[in-house]
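From first to last, the protein sequence lines are chains P, Y and X. Just so you know, the working numbering puts 349 at position 349 of the first sequence, and the rest follows in order with no gaps. Just so you know, the working numbering puts 271 at position 271 of the second sequence, and the rest follows in order with no gaps. Just so you know, the working numbering puts 256 at position 256 of the third sequence, and the rest follows in order with no gaps.
Hints are computed from structural coordinates only; laboratory data are not their basis. Predicted model, so just to flag it, every value in this text is computed and none were measured. Please note: incorrect hints may appear among the correct ones.
To be verified - Label pairs and their computed distance ranges (CB to CB):
1) Y:211 <-> X:178: 53 to 61 angstroms
2) Y:283 <-> P:307: 34 to 42 angstroms
3) Y:219 <-> P:353: 33 to 41 angstroms
4) X:238 <-> Y:211: 40 to 48 angstroms
What the hints assert, rightly or not - Covered stretches of chain X, going by a simulated chain P footprint (3 or more residues, C-beta under 8 angstroms):
5) 108-121
6) 129-140
Claimed, not checked - Subject to a maximum C-alpha distance of 25 angstroms in a straight line, what follows is the list of computed SDA-like cross-link-like pairs (lysine to any residue):
7) X:220 <-> X:171
8) X:292 <-> Y:115
9) X:315 <-> X:180
10) X:292 <-> Y:121
11) X:292 <-> X:277
12) X:292 <-> Y:315
13) X:220 <-> X:181
14) X:220 <-> X:277
15) X:292 <-> Y:126
16) X:292 <-> Y:192
17) X:292 <-> Y:317
18) X:292 <-> Y:119
19) X:220 <-> X:153
20) X:220 <-> X:204
21) X:220 <-> X:307
22) X:292 <-> Y:332
23) X:292 <-> X:83
24) X:292 <-> Y:188
25) X:292 <-> Y:127
26) X:292 <-> Y:45
27) X:292 <-> Y:179
28) X:292 <-> Y:185
29) X:315 <-> X:82
30) X:292 <-> Y:94
31) X:315 <-> X:187
32) X:220 <-> X:237
Note that beta-carbon positions come from the ideal geometry of N, C-alpha and C, so glycine has one too.
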Amino acid sequence: MSAPRLAPDIAPALRLDIAPALRLGRASVRWRPRHLVVVGVAIIAALAVAVVSAGVGDFAMSPGRVLEVLAGQGTRREELVILTIRLPRILVALVVGLALGMSGAITQTTARNALASPDLLGVTAGASVGAVAVIVLGGSSGQVAGLLESIGVPAGALVGGFLAALLVLLIVRRAGTTGLQPILVGVGVSALLGGLVSWMMTAASIEDAARANVWLTGSLNGRSWGELWSLLVVVAICLPLLVPLSTRLGTIDLGHDVARGLGVSLLRTNGALLAVAVVLASVTTAAAGPVAFVALVCPHLARLASGASRPPVFASGALGALLVVASDLVARTAIAPIQIPVGAVTALVGAPFLLWLLVRTRREVRR
Amino acid sequence: MAATTTLPASRTRDGRQLRWLALSVLALVASAVLGLLVGSRGLSPAEVLAPLFGGDDPEAAAILFDLRLPRTLVGICAGAALAVAGALMQGHTRNPLADPGLLGVGAGAALSVVLAISLLGLTTPLGYLWFAFGGAAAAAVIVTAFGLLGAGRRDSSPASLVLAGAAVTAFLGAVTGVILLLDTSTLDIYRFWSVGSLSGGRSLDVLLPVLPFLAIGLAIAFAHSSTLDALALGDDMARAMGRRLGPARITGLLAVTLLVGGAVAISGSIGFVGLIVPHVVRRITGPGHRWLLPQCAVLGAALVVLADIIGRVVVQPGELAVGIVLGVVGAPVFLILVMRMRGARS
Amino acid sequence: MRHTTLLLTAAAASAVLLLGACSTGTAATESTSVDTILGPVAVPDEIDSVVVLEGRRDLDIVLSLGLPLVGFPYEGPDSVMELEAPLAAATAAAINDGAEELFLADEINLEAIAEVAPSIIVSRVGDVEPIIDELTAIAPVIAVNSNDGDTWQNDLLTVAEATGVDDRADEVIAEYDARLDEIASTYAEQIAATTVAVVSYESTGTLVQSARLPALVLEKLGAQFSVSMTDAFDAESQDMEYGAEQTLAAHGDAEAILALADTSGEWESAQADALWQQLPAVQSDTVVRSDKMVNEGAQITAMHLLDLIEQLYQKV
Numbered sequence: 001m002s003a004p005r006l007a008p009d010i011a012p013a014l015r016l017d018i019a020p021a022l023r024l025g026r027a028s029v030r031w032r033p034r035h036l037v038v039v040g041v042a043i044i045a046a047l048a049v050a051v052v053s054a055g056v057g058d059f060a061m062s063p064g065r066v067l068e069v070l071a072g073q074g075t076r077r078e079e080l081v082i083l084t085i086r087l088p089r090i091l092v093a094l095v096v097g098l099a100l101g102m103s104g105a106i107t108q109t110t111a112r113n114a115l116a117s118p119d120l121l122g123v124t125a126g127a128s129v130g131a132v133a134v135i136v137l138g139g140s141s142g143q144v145a146g147l148l149e150s151i152g153v154p155a156g157a158l159v160g161g162f163l164a165a166l167l168v169l170l171i172v173r174r175a176g177t178t179g180l181q182p183i184l185v186g187v188g189v190s191a192l193l194g195g196l197v198s199w200m201m202t203a204a205s206i207e208d209a210a211r212a213n214v215w216l217t218g219s220l221n222g223r224s225w226g227e228l229w230s231l232l233v234v235v236a237i238c239l240p241l242l243v244p245l246s247t248r249l250g251t252i253d254l255g256h257d258v259a260r261g262l263g264v265s266l267l268r269t270n271g272a273l274l275a276v277a278v279v280l281a282s283v284t285t286a287a288a289g290p291v292a293f294v295a296l297v298c299p300h301l302a303r304l305a306s307g308a309s310r311p312p313v314f315a316s317g318a319l320g321a322l323l324v325v326a327s328d329l330v331a332r333t334a335i336a337p338i339q340i341p342v343g344a345v346t347a348l349v350g351a352p353f354l355l356w357l358l359v360r361t362r363r364e365v366r367r
Numbered sequence: 001m002a003a004t005t006t007l008p009a010s011r012t013r014d015g016r017q018l019r020w021l022a023l024s025v026l027a028l029v030a031s032a033v034l035g036l037l038v039g040s041r042g043l044s045p046a047e048v049l050a051p052l053f054g055g056d057d058p059e060a061a062a063i064l065f066d067l068r069l070p071r072t073l074v075g076i077c078a079g080a081a082l083a084v085a086g087a088l089m090q091g092h093t094r095n096p097l098a099d100p101g102l103l104g105v106g107a108g109a110a111l112s113v114v115l116a117i118s119l120l121g122l123t124t125p126l127g128y129l130w131f132a133f134g135g136a137a138a139a140a141v142i143v144t145a146f147g148l149l150g151a152g153r154r155d156s157s158p159a160s161l162v163l164a165g166a167a168v169t170a171f172l173g174a175v176t177g178v179i180l181l182l183d184t185s186t187l188d189i190y191r192f193w194s195v196g197s198l199s200g201g202r203s204l205d206v207l208l209p210v211l212p213f214l215a216i217g218l219a220i221a222f223a224h225s226s227t228l229d230a231l232a233l234g235d236d237m238a239r240a241m242g243r244r245l246g247p248a249r250i251t252g253l254l255a256v257t258l259l260v261g262g263a264v265a266i267s268g269s270i271g272f273v274g275l276i277v278p279h280v281v282r283r284i285t286g287p288g289h290r291w292l293l294p295q296c297a298v299l300g301a302a303l304v305v306l307a308d309i310i311g312r313v314v315v316q317p318g319e320l321a322v323g324i325v326l327g328v329v330g331a332p333v334f335l336i337l338v339m340r341m342r343g344a345r346s
Numbered sequence: 001m002r003h004t005t006l007l008l009t010a011a012a013a014s015a016v017l018l019l020g021a022c023s024t025g026t027a028a029t030e031s032t033s034v035d036t037i038l039g040p041v042a043v044p045d046e047i048d049s050v051v052v053l054e055g056r057r058d059l060d061i062v063l064s065l066g067l068p069l070v071g072f073p074y075e076g077p078d079s080v081m082e083l084e085a086p087l088a089a090a091t092a093a094a095i096n097d098g099a100e101e102l103f104l105a106d107e108i109n110l111e112a113i114a115e116v117a118p119s120i121i122v123s124r125v126g127d128v129e130p131i132i133d134e135l136t137a138i139a140p141v142i143a144v145n146s147n148d149g150d151t152w153q154n155d156l157l158t159v160a161e162a163t164g165v166d167d168r169a170d171e172v173i174a175e176y177d178a179r180l181d182e183i184a185s186t187y188a189e190q191i192a193a194t195t196v197a198v199v200s201y202e203s204t205g206t207l208v209q210s211a212r213l214p215a216l217v218l219e220k221l222g223a224q225f226s227v228s229m230t231d232a233f234d235a236e237s238q239d240m241e242y243g244a245e246q247t248l249a250a251h252g253d254a255e256a257i258l259a260l261a262d263t264s265g266e267w268e269s270a271q272a273d274a275l276w277q278q279l280p281a282v283q284s285d286t287v288v289r290s291d292k293m294v295n296e297g298a299q300i301t302a303m304h305l306l307d308l309i310e311q312l313y314q315k316v
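Isolated chain P (complex conformation) (with noise of 0.2 angstroms):
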């Protein structure tokens, strides 16, 4: 299980990704130590920033304080801030970004574009629509109150996200899948979709328009044990869809020929993938409205970080997880009292970066 040796002299130029495999019965995977290592020390750090956070706030307590009343050995209030009020909120968050970091792995890889993402694909636009067509028609004072919260908000942006996927996808078969055609056309039918959401707004009543207006951002203001159950449920169902599928994900990233010359059914798998990548950005905006770049900028993180060739999976949702708790955090202290929709510190953070990315791969725009 050793790295094979190159000569000295090719070494230096040509760095293959050899990486031993463990076997168990027929199944093989790929032993990455440096993948694993970037998974961890994301999940550590993801939990740390939200063991702080919980204890960052209007009533403030140390971080070991926050551990002892997790354990219940916290007074009435300290209870109540901690486990009503915070834990629910960051425990949102935590899955947001995992799901939103998986989403976008799964986009790039299975777009083969590194600048794919839910987002400036549509597909987030879509469940915006979805979602805040339920709040505006079902809301009688501008509520929407129990079972349609919690369930119907997020049916509405799944059938939304879906809906603006197979818009997108039809019209890039037609336009044609060359270079960057499928973004073009994602940003012209989120352009699309976010229009007429303004204009679902501007026709709603005032309050119904206020309140979309906060949930368009990405808030996650007032996220309560409701969102995060049926976040969970669908997450908790995508998660062991998308143990076996990753690892097919290396196979189609040798390309559409050499995928199919291996025998991996690139409609059925891909369609899978995208399905599962779908699902996972729409209920992410519907729990949490739709936080932007996440979904951009984790993947690439992850790549990086872990020298790999294509975006790792875990490793993007693991880093996507730390980087929304960690933009809730400063969502909720930088001008406090008040509170910043979460959305907004991703997009103050994640357009630059966007912008970086364009600047700095003016070479390989296209993987």
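Based on these hints, arrange chains Y and X on the given structure of chain P.
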């Protein structure tokens, strides 16, 4: 000495295009007249037009001169500007889904308007006119700069432009969203601006200062047509034909900035016009920009005026903003257009 | 760890509710059960601090009852509204006594509320319902309904009953009733003989709302309404929207107008609007200007509104 001479193909084609253009202008004039005659206050044509001939009904005079005439003119200018800008964007990015809003101009104008309302208390279209224009122009400049910076590879220039636009739009949108959150009363005023409307204080005072910019933008666009035709063949071909890409891009984007900045300043961000009109016009004129751009201008103007008229009559005695009508009509039309798109466009 | 946390939360929540119900700990020893729209609520007998979430009717009620306000929503740096709000003076006094702007009306900061640990929370049903669980964990919530049906007097009495200041409530309501009767009798002639309308002037046209405070108060006074007002009363949504062209036609029969224009820009547009200037009421200068802040509120706003109405009928 043949009894019949065949005219060169280009002359018959030009003749046909000229006829189409004349037809379009007629349609525009008809729409404009309709715009003067029809409105949420149902007056008979005689009553409405009486003030033109010295009638003394003050209500009709107010409706005609203060309301219908300015909004028709604003609609014509905004529609023409947006349609031509859309054609320019689609020509430069070689992408049928390009829309002037992709350059971030809408987001830039929105942020400037929100800042003007919330920090300076300028709450009328005349008040924040130059902010809207300036914000749109600034955003376009930033997006263009990043787009050109990111355009190392030959073909990635349009793509990087669009991506830079998406990034800048998201960034500015986030800032706008936070400001609106902090100042709730601004949301009310901003909301109606953001959907695009021809009413609401848009008098000639709002149009006239911006008219020169629109005129210059149109002039640059029309002069730019042959370059656009060359660009449509691909960057390599265009270079081979002697066009210099850098200056061409900058000229095109300058024209788009002037047109969209002006349109947004006078009417808020009206969507779909820049996206749909070039498609429809292309079916009539073909891809040649020499005829495409003027036709776009005329038909874009007619579309906006007609949409405004529809908005004035469907929910009497109230009115629907033109942006809403275009949204309702535009989205399905866009989908139909997309379904009918044939072949791949590179 | 997740399961443990969930069990802990359930335990904590039920402990909090039990504690709240039995009122051991720092709260008062007794509490009253009050019926609100969202069900019965156990309110402590000693009210040290109150937080409101929305800033209009709830704030008005709390201020007029003289309850110890500690937190209310943040409206914005300089509002674009030109006129001073009816609640401005009372709010300034409350701020002097220690009230604070704690959070945005649209992004309610639960932590900030928990931090001040109020005795009760008062707000609208619509704002409260989505986060009722979290709010109840912080303090008992008295929900009032400011749309459909419930008049502000009912809401005022609900809160007063819950907080034990019934006398004060009766006082302020009596003050309002007295003022109402005073105007009704002093201007009886004018009220009976003048067609009145409440018109919101906006950039896109005019709006008449019959379910809001001004229309309801005028109705109480027995005012004669213009056609646009009666149409609004009959309309399903209780309002009528008119495009800019309709301004003269819609309100041409109103002899007195209470004009609501929020910003200086809108008011200036009204002055420049030829159709508005042709309105009989405008030409005879029987117009009183206010803004949308009088559409919603309780006793303080209603008293302010009565002043405006008196001004209007004085001009007739």
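Non-conforming hints, listed in increasing numerical order: 2, 14, 20, 22, 26 and 30
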